[in-house]
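Asker: Each chain, letter by letter, is given below.
There are 2 protein chains.
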Amino acid sequence: MKFNAKMKDIKNYEAGKPIELVVREFGIEPKDIIKLASNENPYGCSSRVSEAVSKIVTKMSLYPDDSMMDLKSGISKRFEVKDENVIIGSGSDQVIEFLIHAKADENSKILMNSITFAMYEIYAKHVGAEILRTTSQSHDLDEFYEIYKKEKPAIIFICTPNNPTGDAIDSQKLFDFLSKIDSNTLVVVDGAYMEYAILKDAKKEVKPKELIEMFENVIYLGTFSKAYGLGGMRVGYGLARTDIIKELYKIRPPFNVTTLSLEAAKVALSDEEFVKNSIVANFSEMKRYEEFVNEQKIDIIDSYTNFVTLCLNPSQNSSQIAGLLLKKGMIVRDLSSYNMNAIRVTVGTKEQNTRFFELIQEIL
Amino acid sequence: MKFNAKMKDIKNYEAGKPIELVVREFGIEPKDIIKLASNENPYGCSSRVSEAVSKIVTKMSLYPDDSMMDLKSGISKRFEVKDENVIIGSGSDQVIEFLIHAKADENSKILMNSITFAMYEIYAKHVGAEILRTTSQSHDLDEFYEIYKKEKPAIIFICTPNNPTGDAIDSQKLFDFLSKIDSNTLVVVDGAYMEYAILKDAKKEVKPKELIEMFENVIYLGTFSKAYGLGGMRVGYGLARTDIIKELYKIRPPFNVTTLSLEAAKVALSDEEFVKNSIVANFSEMKRYEEFVNEQKIDIIDSYTNFVTLCLNPSQNSSQIAGLLLKKGMIVRDLSSYNMNAIRVTVGTKEQNTRFFELIQEIL
Chain G
2 MKFNAKMKDI KNYEAGKPIE LVVREFGIEP KDIIKLASNE NPYGCSSRVS EAVSKIVTKM
62 SLYPDDSMMD LKSGISKRFE VKDENVIIGS GSDQVIEFLI HAKADENSKI LMNSITFAMY
122 EIYAKHVGAE ILRTTSQSHD LDEFYEIYKK EKPAIIFICT PNNPTGDAID SQKLFDFLSK
182 IDSNTLVVVD GAYMEYAILK DAKKEVKPKE LIEMFENVIY LGTFSKAYGL GGMRVGYGLA
242 RTDIIKELYK IRPPFNVTTL SLEAAKVALS DEEFVKNSIV ANFSEMKRYE EFVNEQKIDI
302 IDSYTNFVTL CLNPSQNSSQ IAGLLLKKGM IVRDLSSYNM NAIRVTVGTK EQNTRFFELI
362 QEIL
Chain B
2 MKFNAKMKDI KNYEAGKPIE LVVREFGIEP KDIIKLASNE NPYGCSSRVS EAVSKIVTKM
62 SLYPDDSMMD LKSGISKRFE VKDENVIIGS GSDQVIEFLI HAKADENSKI LMNSITFAMY
122 EIYAKHVGAE ILRTTSQSHD LDEFYEIYKK EKPAIIFICT PNNPTGDAID SQKLFDFLSK
182 IDSNTLVVVD GAYMEYAILK DAKKEVKPKE LIEMFENVIY LGTFSKAYGL GGMRVGYGLA
242 RTDIIKELYK IRPPFNVTTL SLEAAKVALS DEEFVKNSIV ANFSEMKRYE EFVNEQKIDI
302 IDSYTNFVTL CLNPSQNSSQ IAGLLLKKGM IVRDLSSYNM NAIRVTVGTK EQNTRFFELI
362 QEIL
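Chains as they are written, first to last, in my numbering: chain G, 2 to 365; chain B, 2 to 365.
Any given hint could turn out to be false.
One copy or two, it doesn't matter: identical chains are merged, so the pair holds either way.
[To be verified] Okay, derived cross-link-like pairs now, DSSO-like style, lysine-lysine, Cα gap no bigger than 27 Å in a straight line: (1) K208 - K351; (2) K60 - K32; (3) K9 - K110; (4) K351 - K60; (5) K110 - K7; (6) K277 - K208; (7) K174 - K208.
Hints listed in this document are in silico derivations from the structure and should not be mistaken for laboratory results.
As the structure is a prediction and not an experimental result, all values here were calculated from the model.
Next comes chain G alone, as it looks inside the complex (with noise of 0.2 Å):
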């Protein structure tokens, strides 16, 4: 059968056997590997929203509220805008692929950086768009600025902080880039560790409120993947101006947030003392990780996020390091598909942590 032509661009996706089940061929039992590779809120999530879930069980014959009322409110609230400009999207992956889909196609640039979340390039593709990289590794808004004069992308993602790599952006040099792009640019703000940043250096923090009041063409990203501990439910949100929020609603599929979903979001929402303890926690713990480095001179990336990526020197492989630590049952995430030569590891609780520098210590 044949298949649209774009669809050659696109690789085929190999579905693997969970990671888990990997480590366990090695003989190593459950209990006994850490997964410290997708960036989850090692605390969990709040006990409030365990509990209002467990009440809704009963429920989950029952399609989800469309509308979304309840856990759009608790948003808009959070970040002083209006129900209208917000989406809520099956993580913010999905409302990336409402824009792309929405704004580019086949004829299409999509700016991004050279390292960054790796769906926007994916879902890029789907549609056929051409995609246009930055050099430099953390975001450099000036060879941004260049590219897009030059090649007048449909869309630029800016990540801050970023994935990978875990740098951030000062909220005023963005603001004074987003003040030199035209209003037929869609600008990507995707803020999904903003939470993190915010708690380490205010100067990171970017309010969506001020995006929107300020700026016709930018749309801000958010989770409840990561501080919000509900990497499992599969909710993200986008606020932006209604006319861009109206165009998003009309490929949003219906439906797309489980009853259970909306349900802890929503509660979630309710329980910033959590969210607050986890990140407190996380810079704590990520001290240990800076002392760390430095005594076994490693270099990391400054890090406003509940990750710290290791740059390892020429002499080390990241992939035979990740490789080695997988088979003592420490699951962490190989950048060289990101052409770095470097590891990306969560931030866990402290036993976890521990058991990383023990096991990195070994191995390096």
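Based on the hints, put chain B in the right spot on chain G.
Answerer: Same frame as chain G, now just chain B:
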């Protein structure tokens, strides 16, 4: 901001208030509202499922197993196919989205029944494809074939049992039709309500295993939203030969089904007793609808699903009648948007149906 030209053809989604809230505005207590509008399983879901999900609520922070290994193998065993023949979506809706994006574009034609599941058209518009429809209310496969021969559509949708009419095709007739279709046309056999049809009349059973063995160009769709009682959890699947599944996988976003949804669907497959009991109860209650409409001289379409479609006479107006029912706290589906003067009513529990009979008698 300018968006893609095709966006103009996609109508603006109006995020409405939850209908329960609308009813409450009529002064009706939530407990007195009966919703027979979304063909949910009125018996909920298996208690095994709600127990299993309750046990893992603390895992909401963990990303879903993206290989979906356990659920995939449950589905492949259930249908006697291989894991490689299975793709799992956020509802079977999402599999429809995948296949339209993989196979169709603005130069394609997509053929479907005059009256059928609304999402086929909605996703077809997302890629700008031309929509072709038959003229007859129930699937007339001769008419499908005539249009197919003339127009050579990229995709043909066959919905059996059909939503929102409830009628089903004899599988033998379907297989005869399929054998005449060129292998480059993708035929989608949507069996969202198939579990119901099978119990009512074995001649309606379409076995995915046989479809896959006989045809290289056919995909079967199934869902956990109806008989399995998991409408709120968004889990559906497509079954086809591996070359089709591989293409669809290219479009699947990672983590498209939540951690709790994967568990729910997996456990649901282990309780076929619950499913069977739900279906037996459904047809026992449907008999009461048949008797009722017989007495009241209302036409219904012979239904192989968990809903009945009441065709009103020209002196009655379906929108008006659905509106009057709404004011009394009874939510049903007005089919005027399908150009039918009819209402679709989910066959509910005994009490719910009795209440429907009372209310519709008051109104008609």
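Asker: Each of the hints needs a verdict: does it hold here or not?
Answerer: Now the hints, each set against the structure:
With identical chains, the CA atoms of K208 and K351 are never at most 27 Å apart, being 31 Å at best within one copy and 52 Å at best between copies. For a Cα distance limit of 27 Å, the shortest separation of K60 from K32 across copies, 14 Å, qualifies, whereas the shortest one inside one copy, 32 Å, does not. When the C-alpha separation of K9 and K110 is checked against a cutoff of 27 Å, the pair qualifies both within a copy, at 18 Å, and between copies, at 21 Å. Taking the shortest alpha-carbon separations for K351 and K60, only the inter-copy value of 19 Å comes in at or below 27 Å, while the best intra-copy value is 37 Å.
Taking identical chains as interchangeable, the C-alpha atoms of K110 and K7 lie at most 27 Å apart whether they share a chain (15 Å) or sit on different chains (18 Å). Taking identical chains as interchangeable, the C-alpha atoms of K277 and K208 lie at most 27 Å apart only when both belong to the same chain, with a minimum of 17 Å there against 52 Å between chains. Taking the shortest Cα distances, K174 and K208 sit within 27 Å of each other inside one copy (13 Å), while across copies they are farther apart (60 Å).
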